[in-house]
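Asks: Spelled out, the chains give:
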Amino acid sequence: MRNILAFALFVLSLSAGAQNKFTVSGYITDEKSSETVIGATIYDTETKHGTITNVFGFYSITLNAGKHSLSFSYVGYVPQNKEFILSKDTVINIKLSENNELQEIEVTAKKEDAGVQSTGTGSMDIPVDIIKHTPSLLGETDVIKTLQLTPGVQQGIGGSAAFYVRGGGGDENLVLLDGAPVYKIDHLFGFFSVFTPEAVKRVTFYKSAFPARYNGRTSSVVDVRTKDGDMKKIHGSFAVGLLTSRINLEGPIVKDKTSFSVSARTTYFSAVTKPFMSEDSKFGYWFYDLNLKVNHKFSDKDRLFFSLYSGLDKYKDDYKDDEFEISIPYGKDYDNRPNYVHVPLDEKYGTKLNWSNFIPSLRWNHVFSSKLFANTTVNYNHYKMNMSSYDEESYKYDTLSYYGYNKSEYNSEIEDLGVIMDFDYMPSPNHTVKFGVNYLYHNFMPETTNSVIKNHENSVKTDTSASMKGKPAYANELSVYAEDDWKVCEKLNFNLGVSYTLFSLKNKNYGNFQPRVSLKFSPLNYLAFKASYSRMSQCVHLLTSAPISLPTDLWVPITDKIKPETADQISCGVYFTKLKSWEFSVEGYYKKLENVLEYKDGMSYLGFSGAWSNLVASGEGVSKGLEFLVQKTEGRTTGWVAYTLSKSDREFDRSSGVNDGKKFPFTYDRRHNINIVAAFKINEKIDIDMSWTFYTGACATVTQSKLQIVSPDGADYQVYTGYGYYGYYGYHGNASYVPTRNNYRLPCSHTLCAGISFHKQKKHCERIWNFSFYNLYNAMNPSFVYLKDYDDYGHELSEPKFKKITILPLIPSFTLTYKF
Amino acid sequence: MKKFLYIALLAVVFPTIFSCEHDLDLKIENTDGVLTMNGYLYTGQDTNVVFLSLTSKKEPLPVSTAKLEMRINGELVETLNSAYMKEGVYILSKKFNAGDKVRIDAYYNGQHAWAEDVAPEQVKDISADYRTAIHTFKREAYSDDYTTSGYNDVDISFSDLSPSNDYYRLNVKVYNDSKVRNWNRIRESWDYDEETDEYILKYWWYDSDHEFYTYEEAYNFIKNNFEYVIAKDGNIFYLTEGRRDYFNFGKAIYKSIKYRYDNDVILSESETQKTDSDLDILLASIENQYRVFSDNQFNNSKAVLHISVPYELYDIDDNQSKVYVYQEMENYPEDLLKKAGNYFTYKIRLELQSISEQQYFYLRALNAVNSDFYEENSDLTGAMKIPSNVSGGCGNISITTRSFYEITVLDNYHPKNSIIDIKPFYD
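Chains E and G supply the protein sequences, listed in that same order.
Heads up: the first sequence is residues 1 to 820, going by my numbering.
Heads up: the second sequence is residues 1001 to 1427, going by my numbering.
Simulated from the structure, these hints should not be mistaken for lab results.
Certain hints may be false.
To be verified - Computed footprint of chain E on chain G; a stretch qualifies when at least three of its residues, placed anywhere within it, have a C-beta under 8 angstroms from a C-beta of chain E:
(1) 1049 to 1060
(2) 1394 to 1404
Said to hold, decoys possible - With a straight-line cut-off of 30 angstroms between C-alpha atoms, the simulated DSBU-like cross-links for lysine-lysine are:
(3) Lys801(E) x Lys1058(G)
(4) Lys801(E) x Lys1057(G)
(5) Lys663(E) x Lys1057(G)
(6) Lys407(E) x Lys1258(G)
(7) Lys663(E) x Lys1058(G)
What the hints assert, rightly or not - Pairwise CB distance ranges (calculated):
(8) Glu1087(G) x Gly511(E): 51 to 61 angstroms
(9) His795(E) x Glu1087(G): 19 to 29 angstroms
(10) Gly1074(G) x Leu417(E): 48 to 58 angstroms
(11) Lys788(E) x Glu1116(G): 36 to 46 angstroms
(12) Cys748(E) x Lys1302(G): 51 to 61 angstroms
(13) His296(E) x Ser1301(G): 53 to 63 angstroms
(14) Asp792(E) x Glu1087(G): 32 to 42 angstroms
(15) Asp1023(G) x Leu524(E): 50 to 60 angstroms
(16) Ser1391(G) x Tyr268(E): 49 to 59 angstroms
Idealized CB from N, CA, C, for every residue including glycine.
When you get a sec, could you build the whole thing from the sequences and use the hints?
Replies: Written out as structure tokens, the structure is:
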């Protein structure tokens, strides 16, 4: 803590000598909509000093008194220049107007917060335009699918929205929606993410050199900011796809004061399939997303935002069966034994499965002074999963009757209440200081099960019920941080940061000191070298059992026995931007993970829901890799080619019960990955997008050998010694012999996706037809692999065969969008 | 689950509805011929058994010519140079106690596999209480087959061994010894004696081969030739092995029985109730077939287990439970017992085993491997690695320390000297 105070004093002292300096500050907004512009560049052509707007569109730059010429620019907007004589602190709010020339799709923005121009390595801004132009499964463009195409990011099963960054697990990604962490980021077994592009304003992605303000996950940060809403006029869009429809509407409530933005998406799969279902079978699957944001501008100094994300997946099936007969005793036969009669049994059974996110948040922006900007956020996050299944049977015959009911429920919930205070302090053009405090109250209720059995036989009721409430875990997570982006000289930038997180459980406190250092050296204005070190820690984990995202995947906190996971990452890179519109970069990284969780051998299986902390063990992981990226950022053809060479392993102690203490490759370790993304703007009316991905095969655990297993006392096996039985020593059987986890690498997978969009300007709106093709040349990529011992008729095969299942072959789709 | 997954995928691939399955030519490492050691060693037991085999593509191959060594606390105490049986059964005859570290080494064909485990402490304060009840349970998971039967609900309490992680297994054995009551009278008959021209009162038992001149003579004959005799209400009861066409009881032994633990939170370890559903993969739990549990919920304190032991009688010959008995007796075991005989002993022996962590996870993995659930869904999750504590090979060698508690549920046993109420039938 002493270090933090010293650091804070140091950065505050930097402004002490600035007596002849004054500060220019203000907001940069879109002229048409008054939407704040994040990451816009402010540059003083006189002094060569510059800064950028923060996530709320606010900027502050402190300059010497005198004449200045400030340039305000942002990609896709007409730059503006302001010349003035600075003699006091000045507020200049800028409205940038869109460039009406042919709009190219911009791959990356030249911002100093992320990307090539930033001080840190491994960061990238993903423009919403690119997200919208990435061809994806069923035309459902989304943030995560685009992220998967960037270097260092692996996807899980092809087509899914899961992502794994630099050898980290799926739970090691901090996904923030307007500052609030989102636990479940996908729908429908992970095939669609919860982020609809219409609601999104900006996505910033970090995979190393994490700014100190981000805490809580070890591998990446995805900071998603949603639109504030147009302050001038109402407009929106409506899109109809094969699986979902989306609507987006934004506009002023009070012109130039209060605005709203609302986006909703829903699926109608159930309605489409309903005519094809039998009368005795009712099936329904449905999900929706709702993003709502209202913001009110009290003054240039105060703004209030209310935002809400609500998402729900709902699955239900009900079946009815009255064809089954059972025999029941009725009276006596001539031998005075029970007589049996056959009576029809009415049977109903079904399942419900719901999971939902509910995340409201309230933010207040306040400009304390031209140098100090504050954002205070209060948010609530409720993730809930509920599954239940039932079966019900009944019959009636003369005076006999029976009613049986059996119901099981499984619930898992997380509730977070967070208060975040972030401060941006800009004492001089060479320093941008961010500091703040983040408090989260967690309430984990990972496993609650309820069982009900009703039995009414001839009016005799024997009902039982059992309820097992998983032990709720309450935790307080407090983080304090400070960072300074320090421009030492024209060619040298430092980003120094530190964060301290205290995770407090009932019986245990864990403190984590997390230093972050980044260095950027630019000997030439088109060449930069960067290096960074960062330490991240993580106090929550997601326990998963299958390569697809299941609602039963369990978010759990660390315990008094399970320590927080930490990651130390060193990253360095070279960046070259000599050629206009082109960027070249090479980054290398080495990441060491400690206290990563894995299920113990034999436990990594569905159906072991109970007592999770007993079933996992902590170990170590090492990831290393090289990432090459070539981007074309402007022009009619834009896109990138990315190549990643990586390796990621896990290693646990022998006593941990994981893989006999032997090192094994991480499940999502893939040696080579190539991503090619291209967007062609043919003319105003037609654009074509494509992406091609190539992956070295994923790791799988397969085997052909069998080992002997022996059951303990109680099974039916006796050893006869000739003098008598020695007793019961267990049943002999066999099971697959797996020498080590992930012992086989599946064949490579590659997928080409393409889409074409036709734009037509109608009288009141623009119509866009998009046709897209997932897996255009129908590559049979292995999604799952299994060993087949028996043929379809149940006969044992002389030679067992491995089978691969490809779940996503060529899938065409279309989307019709109206923008009004 | 597969159905549900396919429905989900159907949603995704709605336009084409094709997920494809193809052969995959995998060239994987040959893992046949790995030495496998298995054995459950019991603290304080005179003999213990170790099984040796080799992994193989089809059935594991037994190894009968390996050298086996047993060490207790580092000291070599026994060496075997071949198996007792060709099935790879090695019988060790050195006893060890709780707290001892036992190591088994096996040498075969250049392979050296070894495993080590520490004999757990014995649970000292086990106690139990019971009551008779009727429950309706599913016969098997995922089935529609319910059965209403008589049970003995048993509450078992004991103290956790230590503040650290401890693991247990509850095995229940049932002893039932019953012989069917059969009965007859010492009958009287008046036989005509041609020599004396008189009618003589005779007594006979069962058939004319056994005729007696006095009641006492008849009674003594029965008493001396049949194991137990009870006279009551003018009947002479004798006990036999039973009529094979009706009840077929054999020699009584303690036999493990599959008890229910449906409402016990410790044994179920959050296992949910099984229902019929396409979502079983999500909801489902794997049955705790081997009844293992940890002290997760009662660490360093008192545990109370609630189990239901079926009131079933077993025929040792065919191993089938005599469910029909209940049908005859209108599902009421007490009736059965009243009718079945007045020589009936029914005991429940609780065998609380303290086991090592290795054995706990091994048996939990076997719970999964033996389940239909695993069979149906393993293509989704990949092959399971069975936990092993054998270095240089695979398998499981683990030690169990048992403690016992016996409940005598019924004991209608009448020893020979308790013959009572002999009343002449003619009274």
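Asks: Next, verify each hint and record whether it holds.
Replies: To see whether the hints hold, each was checked on the structure:
| no. | hint | result |
| --- | --- | --- |
| 1 | 1049 to 1060 | holds (count 9) |
| 2 | 1394 to 1404 | holds (count 4) |
| 3 | Lys801(E) x Lys1058(G) | holds, 13 angstroms |
| 4 | Lys801(E) x Lys1057(G) | holds, 12 angstroms |
| 5 | Lys663(E) x Lys1057(G) | holds, 25 angstroms |
| 6 | Lys407(E) x Lys1258(G) | holds, 23 angstroms |
| 7 | Lys663(E) x Lys1058(G) | holds, 28 angstroms |
| 8 | Glu1087(G) x Gly511(E): 51 to 61 angstroms | holds, 58 angstroms |
| 9 | His795(E) x Glu1087(G): 19 to 29 angstroms | holds, 27 angstroms |
| 10 | Gly1074(G) x Leu417(E): 48 to 58 angstroms | holds, 56 angstroms |
| 11 | Lys788(E) x Glu1116(G): 36 to 46 angstroms | holds, 38 angstroms |
| 12 | Cys748(E) x Lys1302(G): 51 to 61 angstroms | holds, 58 angstroms |
| 13 | His296(E) x Ser1301(G): 53 to 63 angstroms | holds, 56 angstroms |
| 14 | Asp792(E) x Glu1087(G): 32 to 42 angstroms | holds, 34 angstroms |
| 15 | Asp1023(G) x Leu524(E): 50 to 60 angstroms | holds, 56 angstroms |
| 16 | Ser1391(G) x Tyr268(E): 49 to 59 angstroms | holds, 58 angstroms |
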